[in-house]
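In order, the protein sequence lines correspond to chains A and B. In terms of the UniProt record's numbering, the first sequence opens at residue 1 and continues consecutively. In terms of the UniProt record's numbering, the second sequence opens at residue 1 and continues consecutively.
I should point out that these hints are in silico values taken from the structure, not numbers from a laboratory. Keep in mind that this is a model prediction, so the values were computed, not measured. Any given hint could turn out to be false.
Said to hold, decoys possible - Some, not all, of what chain A presents toward chain B, calculated at C-beta under 10 Å:
no., residue
1, SER34
2, LYS62
3, GLU77
4, LYS95
5, VAL161
Positions of the beta carbon are idealized from the N, C-alpha and C atoms, including for glycine.
Here are the chains, one letter per residue:
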Amino acid sequence: MKNTCLFMLFILLSCSVNAQQILICNNAKASFFSSTVMEDIEGKSAAGGSVIDTKSGNIIFKVKNTSFQFKKKLMQEHFNENYMESDKYPVSEFKGTIKGPVNMDVDGTYKVSIEGNLNIHGISKAYKTQADLVVGKGMLNANAVFKVKIADHGIEIPTLVFKNIAEYVEVRIQATYLPKK
Amino acid sequence: MKTKIIKSRLLVFSALLLLTGQAAFSQEELEKELAVPAAGREKVSATFKSTKLINGHTNETLFKNELDFKVDHRFGDIAGSNGGIRKFFGLDNSTDVRIGFEYGLTDNLTIGLARAKGATAVQQLYEGSIKYRLLQQTTDNHIPFAVTLFGSNTIAAVTANKDDASSPIAYNGFKDRQNWVAQIILARKFSSNLSFTLTPSYVHRNFTAFRDQNDMFAIGVGGRFKFTRRMALVVDYFLPFRDKSDKAYLEQVTATKFYNPLGVGLEMETGGHVFHLNFTNATGIQEMQFIPQTTSSWLKGQYRWGFSISRRFSFAH
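With the hints as extra help, turn the sequences into a complete structure.
Next comes the structure, spelled out in structure tokens:
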């Protein structure tokens with residue numbers, strides 16, 4: 001009987017460890033910034049969703065294109081209508097793997113590299129970027145900055161506004177993950 | 001014996017749990033963990049690219065703190081007795097020219113001021129307008145179509161004709177110079193490429209030619225078919241409801257015939273600018289003219305080349 005009790009305890013423990021394995025963030029921030037002599041353009045979303053499997057290091061990040069907000073709403077309309085074609089490609093997503101150990105049980109800052117595929121405008125491209133992961137109070141805070149070449153994802157810039165939109169846009173990601181409950 | 005079996009079963013069970021607990025999630029399994037962002041109720045945007053099709057309005061209003069500067073031009077008849085090579089296919093004449101400014105007070109409320117030459121005897125037109133977006137179509141079809149209200153007052157500054165009391169400009173005072181238009185613009189975006197409008201309209205002219213109608217109802221239909229990301233075919237048509245005996249009388253007296261305005265055109269969008277190249281039998285640009293006063297016919301070659309250029313400036317910061 002004693003043994004049975006021990007087993008039960010062990011099962012309970014393993015279950016709690018299991019729950020810690022998946023980290024989820026439902027309000028991740030994503031923004032991009034295009035800067036030219038003519039114009040600065042910024043789009044911000046606070047409605048990204050992301051999930052990490054701490055065991056394998058797999059990470060998925062998704063954001064709806066229509067959730068990006070712009071200061072000038074006509075730009076927002078153009079962003080969805082003419083560039084992202086959000087009705088055809090509603091979601092931009094990243095699927096990849098965190099390279100490097102992250103221990104959720106040890107608070108601290110982890111500099112890791114993340115590799116994977118970024119799908120924007122229906123076109124997928126392999127990316128590799130550095131990210132800062134901060135573990136504390138059972139949460140994981142992630143920050144990453146990388147550049148995306150617009151032409152890589154089949155997004156055409158008409159010659160008339162060619163000088164207003166940068167060839168590379170800077171993408172910033174900020175997400176706070178909590179263990180799955 | 002029994003407890004032993006239970007114990008061994010528990011052992012297997014817990015071992016299994018441990019195994020699954022430690023196993024890594026595949027990308028597919030991981031994806032399932034991610035709450036799918038709810039499709040949600042989103043407002044349909046960009047049903048049209050411009051606040052106007054060719055003759056008629058679309059349901060679109062400007063965003064807050066946006067200024068739209070628009071120039072409309074209608075040339076003379078391309079063919080028929082007033083067209084052809086002698087008139088350089090209408091380019092020698094302009095039946096109407098309009099310069100307009102619109103400003104977005106809020107995302108749903110746009111006000112406008114415009115000056116138009118005016119196509120009939122009723123000329124030197126000043127228009128004040130108001131456009132209010134009442135309802136926006138939603139992606140989940142909870143609201144299946146958009147509703148926008150449009151109202152305008154056009155004042156004719158032309159010198160009054162005091163000699164002929166039956167003239168449309170035999171004005172007696174300022175009140176006679178005013179013309180009112182009210183429209184309910186219903187619009188639906190069927191797909192990213194296809195949008196339509198249905199526009200019940202009411203035109204009230206305080207003063208008209210003898211036996212012409214002061215009040216007139218009309219229904220407008222319009223459509224836009226986008227065939228590339230930045231080019232679209234636009235069409236609109238208005239059907240005025242005219243009193244038969246008044247119509248017959250006027251057609252006899254003026255030796256003209258009334259026709260329904262039909263416009264077809266090409267819309268080009270360049271990011272801030274919207275260009276329209278169009279053909280229409282209507283000579284006037286203002287609603288209070290092209291709805292009740294179109295007397296030229298497509299079938300007689302009395303259609304004209306026209307264009308509009310719209311430039312939107314945003315003062316949002």
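These are the hints, each one checked on the structure:
1. SER34: 13 Å, violated
2. LYS62: At 7 Å from the nearest chain B Cβ, LYS62(A) passes the 10 Å test, so the hint holds.
3. GLU77: Hint holds; GLU77(A) Cβ to chain B Cβ min 5 Å, cut 10 Å.
4. LYS95: With a minimum Cβ separation of about 6 Å from chain B (threshold 10 Å), the hint on LYS95(A) holds.
5. VAL161: 4 Å, holds
Violation of the numbered hints given earlier is confined to hint 1; every other hint is satisfied by the structure.
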